[in-house]
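K.L.:
Residues per chain, in single letters:
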Amino acid sequence: MNYNISKEPIVIQEVIDKVVSRNAGAVTTFIGTVREMTKGKKTLFLIYEAYVPMAIKKLEQIGSEIKERWPDAETAITHRVGKLEITDIAVVIAVSTPHRNDAYEANRYAIERIKEIVPIWKKNTGKMGRHG
Amino acid sequence: MNYNISKEPIVIQEVIDKVVSRNAGAVTTFIGTVREMTKGKKTLFLIYEAYVPMAIKKLEQIGSEIKERWPDAETAITHRVGKLEITDIAVVIAVSTPHRNDAYEANRYAIERIKEIVPIWKKNTGKMGRHG
Amino acid sequence: MINVLLFAQLKDELGKETLSIEGNGMSVAQLKGKMKVDFQLEGLETVMTAVNEEFADDDTILSDGDTVAFIPPVSGG
Amino acid sequence: MINVLLFAQLKDELGKETLSIEGNGMSVAQLKGKMKVDFQLEGLETVMTAVNEEFADDDTILSDGDTVAFIPPVSGG
Numbered sequence: 001m002n003y004n005i006s007k008e009p010i011v012i013q014e015v016i017d018k019v020v021s022r023n024a025g026a027v028t029t030f031i032g033t034v035r036e037m038t039k040g041k042k043t044l045f046l047i048y049e050a051y052v053p054m055a056i057k058k059l060e061q062i063g064s065e066i067k068e069r070w071p072d073a074e075t076a077i078t079h080r081v082g083k084l085e086i087t088d089i090a091v092v093i094a095v096s097t098p099h100r101n102d103a104y105e106a107n108r109y110a111i112e113r114i115k116e117i118v119p120i121w122k123k124n125t126g127k128m129g130r131h132g
Numbered sequence: 001m002n003y004n005i006s007k008e009p010i011v012i013q014e015v016i017d018k019v020v021s022r023n024a025g026a027v028t029t030f031i032g033t034v035r036e037m038t039k040g041k042k043t044l045f046l047i048y049e050a051y052v053p054m055a056i057k058k059l060e061q062i063g064s065e066i067k068e069r070w071p072d073a074e075t076a077i078t079h080r081v082g083k084l085e086i087t088d089i090a091v092v093i094a095v096s097t098p099h100r101n102d103a104y105e106a107n108r109y110a111i112e113r114i115k116e117i118v119p120i121w122k123k124n125t126g127k128m129g130r131h132g
Numbered sequence: 001m002i003n004v005l006l007f008a009q010l011k012d013e014l015g016k017e018t019l020s021i022e023g024n025g026m027s028v029a030q031l032k033g034k035m036k037v038d039f040q041l042e043g044l045e046t047v048m049t050a051v052n053e054e055f056a057d058d059d060t061i062l063s064d065g066d067t068v069a070f071i072p073p074v075s076g077g
Numbered sequence: 001m002i003n004v005l006l007f008a009q010l011k012d013e014l015g016k017e018t019l020s021i022e023g024n025g026m027s028v029a030q031l032k033g034k035m036k037v038d039f040q041l042e043g044l045e046t047v048m049t050a051v052n053e054e055f056a057d058d059d060t061i062l063s064d065g066d067t068v069a070f071i072p073p074v075s076g077g
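Residue numbers (my numbering), protein chains in the order written: chain H, 1 to 132; chain S, 1 to 132; chain D, 1 to 77; chain W, 1 to 77.
Simulated from the structure, these hints should not be mistaken for laboratory data. Please note: incorrect hints may appear among the correct ones.
What the hints assert, rightly or not - Straight line, CA to CA, 30 angstroms or less: simulated DSSO-like cross-link-like pairs of lysine-lysine:
{"#": "1", "chain 1": "D", "residue 1": "Lys-32", "chain 2": "H", "residue 2": "Lys-123"}
{"#": "2", "chain 1": "D", "residue 1": "Lys-34", "chain 2": "H", "residue 2": "Lys-7"}
{"#": "3", "chain 1": "W", "residue 1": "Lys-16", "chain 2": "S", "residue 2": "Lys-83"}
{"#": "4", "chain 1": "W", "residue 1": "Lys-11", "chain 2": "S", "residue 2": "Lys-83"}
{"#": "5", "chain 1": "S", "residue 1": "Lys-67", "chain 2": "H", "residue 2": "Lys-115"}
{"#": "6", "chain 1": "H", "residue 1": "Lys-83", "chain 2": "D", "residue 2": "Lys-34"}
{"#": "7", "chain 1": "S", "residue 1": "Lys-83", "chain 2": "W", "residue 2": "Lys-34"}
{"#": "8", "chain 1": "D", "residue 1": "Lys-16", "chain 2": "H", "residue 2": "Lys-42"}
{"#": "9", "chain 1": "H", "residue 1": "Lys-41", "chain 2": "H", "residue 2": "Lys-123"}
{"#": "10", "chain 1": "H", "residue 1": "Lys-42", "chain 2": "S", "residue 2": "Lys-18"}
{"#": "11", "chain 1": "D", "residue 1": "Lys-16", "chain 2": "H", "residue 2": "Lys-18"}
{"#": "12", "chain 1": "D", "residue 1": "Lys-32", "chain 2": "H", "residue 2": "Lys-57"}
{"#": "13", "chain 1": "S", "residue 1": "Lys-39", "chain 2": "W", "residue 2": "Lys-36"}
{"#": "14", "chain 1": "S", "residue 1": "Lys-57", "chain 2": "H", "residue 2": "Lys-18"}
{"#": "15", "chain 1": "S", "residue 1": "Lys-42", "chain 2": "H", "residue 2": "Lys-18"}
{"#": "16", "chain 1": "D", "residue 1": "Lys-11", "chain 2": "H", "residue 2": "Lys-42"}
{"#": "17", "chain 1": "H", "residue 1": "Lys-39", "chain 2": "S", "residue 2": "Lys-67"}
{"#": "18", "chain 1": "H", "residue 1": "Lys-18", "chain 2": "S", "residue 2": "Lys-18"}
{"#": "19", "chain 1": "D", "residue 1": "Lys-34", "chain 2": "H", "residue 2": "Lys-57"}
{"#": "20", "chain 1": "H", "residue 1": "Lys-83", "chain 2": "H", "residue 2": "Lys-57"}
{"#": "21", "chain 1": "D", "residue 1": "Lys-34", "chain 2": "D", "residue 2": "Lys-11"}
{"#": "22", "chain 1": "W", "residue 1": "Lys-36", "chain 2": "S", "residue 2": "Lys-41"}
{"#": "23", "chain 1": "W", "residue 1": "Lys-16", "chain 2": "S", "residue 2": "Lys-123"}
{"#": "24", "chain 1": "D", "residue 1": "Lys-11", "chain 2": "H", "residue 2": "Lys-123"}
{"#": "25", "chain 1": "H", "residue 1": "Lys-41", "chain 2": "D", "residue 2": "Lys-34"}
{"#": "26", "chain 1": "S", "residue 1": "Lys-41", "chain 2": "W", "residue 2": "Lys-11"}
{"#": "27", "chain 1": "H", "residue 1": "Lys-122", "chain 2": "D", "residue 2": "Lys-32"}
Unchecked claim - Okay, the calculated bits of chain W under chain S, using three or more residues with CB under 8 angstroms as the criterion:
{"#": "28", "segment": "3 to 9"}
{"#": "29", "segment": "61 to 75"}
Backbone N, C-alpha and C fix where the C-beta goes; we use that ideal spot for every residue, glycine too.
Assemble the whole structure, with the sequences as input and the hints as a guide.
P.N.:
Here's what the structure looks like:
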C-alpha cells in the first residue's frame with residue numbers, strides 16, 4: 001500500500017511512516033500544494049481527476065524504477081483527487097535511503113516521472129486574470 | 001522561530017507548517033534519522049550536543065543564504081539534541097518555493113551547510129563491530 | 001464490445017466518460033478514426049492510449065472485453 | 001577574564017566544558033598556545049574558534065568578557 005490515490009486529505013506523516021527504516025539515514029519528502037498565483041493568474045481551486053487503477057499501477061512502476069536505480073531506496077507516494085483549495089496538498093512523495101544524496105535524487109526522479117506517465121489531470125476551474 | 005535546537009522529539013508537520021504559504025507550490029523536507037548500520041558497524045544510540053545559541057545563529061545564517069540565492073524560498077530547520085535511538089529524527093529541514101526545482105536545490109544546500117558551519121556534534125557511544 | 005474511457009478535456013468534450021463500441025479486431029488507430037467520425041472528437045490522434053491499463057501504441061489490436069482509455073497529456077503532481 | 005567553552009572531544013579530554021582564563025589583549029592563537037601548555041589539550045591548533053558566537057580567526061584580539069568557543073569539526077545533520 002505504498003502507492004495510493006486518495007479522495008481524502010493526505011496526512012504527510014502517514015506517507016513518511018511507510019519508508020522509515022532502521023537502515024535509512026535520510027528521508028526526503030516532496031509535497032506538492034495548490035499555489036494561488038501562476039503566471040499572474042489567480043487560482044481559486046483545482047479539481048484533480050485520475051484514471052485510478054492505472055494511476056496506481058504507474059505509481060508502482062515508478063517505485064520499481066527507483067528500486068532499480070537506487071536499490072536501497074524505499075518509496076511511498078500518495079496523490080489526492082477531487083477538489084483542492086489553495087495550500088491543499090495534491091501529492092506527497094517520501095523516499096528513504098541510507099545516504100542523503102540518493103534520497104534527493106530518487107525523490108526528484110519520482111515527481112518528474114509522475115508528470116510524465118501517471119494518468120492524473122488537473123482542471124483549473126477558478127483561474128482569473130489580475131482584474132477578475 | 002523558524003530555526004530551532006530542540007531537546008524534544010521533532011514533529012515533522014510543525015516544521016512544515018512554518019513554510020507553507022499561498023504562493024508555495026512545492027515543499028521539500030529532509031529528515032535525518034539515526035541509522036543502525038554505518039560501514040558495517042552497529043549503532044545503538046547517538047548523543048547530539050550543540051553550542052546552542054551559536055547553532056541557532058548559524059541556522060538563521062543558512063536561512064539568509066538561501067533567501068539570497070532563492071528569494072522566494074521559505075525555510076525552517078529544527079535540529080534535535082540529546083540521546084537519540086535508531087530511527088529517531090535528528091534534523092528536519094523544510095523549504096517551500098513556488099516551483100519544485102528550487103525546493104530541492106535549496107533544501108540540499110541547507111543540509112550541506114549544516115554539516116559545514118553549525119556547531120552540533122554527534123557522539124556515537126554505542127558503536128560495535130559486527131560481532132559485538 | 002470495447003469499453004472506452006475518456007478523461008479530462010475529452011470527457012468534457014463528449015459529455016460522458018464511458019462508451020461501449022463495436023471494435024473486435026480493430027487496431028487502436030482504427031478505433032480512434034471511428035470515434036472521430038462518430039463523435040467529432042477533436043485531437044484524438046495526439047493523445048496517448050492505454051489498453052487494459054497499460055500504454056499501447058496505435059498498432060495494438062483490440063479484442064472484445066478490452067478496456068481502452070484515451071489519456072490526454074497528464075498534469076498531476 | 002575570557003570565558004572559554006569546550007565541546008565534543010575537547011570537553012571529554014579536559015573533563016569540563018567551561019573555563020575562565022586571564023587573556024585580555026591576547027590573540028586567539030596566543031590563547032590556544034596558553035591552553036595547550038596549561039592543560040595539555042591536543043589538537044587545539046586545528047579546531048575552529050568562535051568569539052562571541054561568530055567564527056573568528058587566530059589573529060582576533062580578545063578582551064575581558066569575551067566568550068571563546070573551540071569548535072571541533074561539526075557532525076550535525
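K.L.:
Now tell me if each hint is right for this structure.
P.N.:
Cross-check of the supplied hints:
1. D:Lys-32 with H:Lys-123: The hint holds at about 24 angstroms.
2. D:Lys-34 with H:Lys-7: Measuring from Cα to Cα gives roughly 35 angstroms; hence the hint is violated.
3. W:Lys-16 with S:Lys-83: holds (19 angstroms)
4. W:Lys-11 with S:Lys-83: holds (17 angstroms)
5. S:Lys-67 with H:Lys-115: holds (28 angstroms)
6. H:Lys-83 with D:Lys-34: violated (34 angstroms)
7. S:Lys-83 with W:Lys-34: Violated: S:Lys-83 and W:Lys-34 sit about 34 angstroms apart, past 30 angstroms.
8. D:Lys-16 with H:Lys-42: holds (29 angstroms)
9. H:Lys-41 with H:Lys-123: OK: H:Lys-41 and H:Lys-123 at ~14 angstroms, within 30 angstroms.
10. H:Lys-42 with S:Lys-18: holds (23 angstroms)
11. D:Lys-16 with H:Lys-18: Not satisfied, since the Cα-Cα distance of roughly 37 angstroms exceeds 30 angstroms.
12. D:Lys-32 with H:Lys-57: holds (24 angstroms)
13. S:Lys-39 with W:Lys-36: violated (34 angstroms)
14. S:Lys-57 with H:Lys-18: Roughly 34 angstroms between the alpha carbons, so the hint for S:Lys-57 and H:Lys-18 is violated.
15. S:Lys-42 with H:Lys-18: Since the Cα atoms of S:Lys-42 and H:Lys-18 sit roughly 23 angstroms apart, the hinted pair holds (cutoff 30 angstroms).
16. D:Lys-11 with H:Lys-42: holds (25 angstroms)
17. H:Lys-39 with S:Lys-67: holds (21 angstroms)
18. H:Lys-18 with S:Lys-18: holds (24 angstroms)
19. D:Lys-34 with H:Lys-57: Holds: D:Lys-34 and H:Lys-57 sit about 29 angstroms apart, inside 30 angstroms.
20. H:Lys-83 with H:Lys-57: holds (23 angstroms)
21. D:Lys-34 with D:Lys-11: holds (17 angstroms)
22. W:Lys-36 with S:Lys-41: Judged against 30 angstroms, a Cα distance of about 34 angstroms means the pair is violated.
23. W:Lys-16 with S:Lys-123: Between W:Lys-16 and S:Lys-123 the Cα gap is close to 16 angstroms, so the pair holds against 30 angstroms.
24. D:Lys-11 with H:Lys-123: holds (12 angstroms)
25. H:Lys-41 with D:Lys-34: Violated, at roughly 39 angstroms.
26. S:Lys-41 with W:Lys-11: holds (25 angstroms)
27. H:Lys-122 with D:Lys-32: Holds: H:Lys-122 and D:Lys-32 sit about 24 angstroms apart, inside 30 angstroms.
28. 3 to 9: holds (count 3)
29. 61 to 75: It holds, with 5 qualifying residues against the three required.
Hints 2, 6, 7, 11, 13, 14, 22 and 25 from the list above are not met by this structure, while the remaining hints are.
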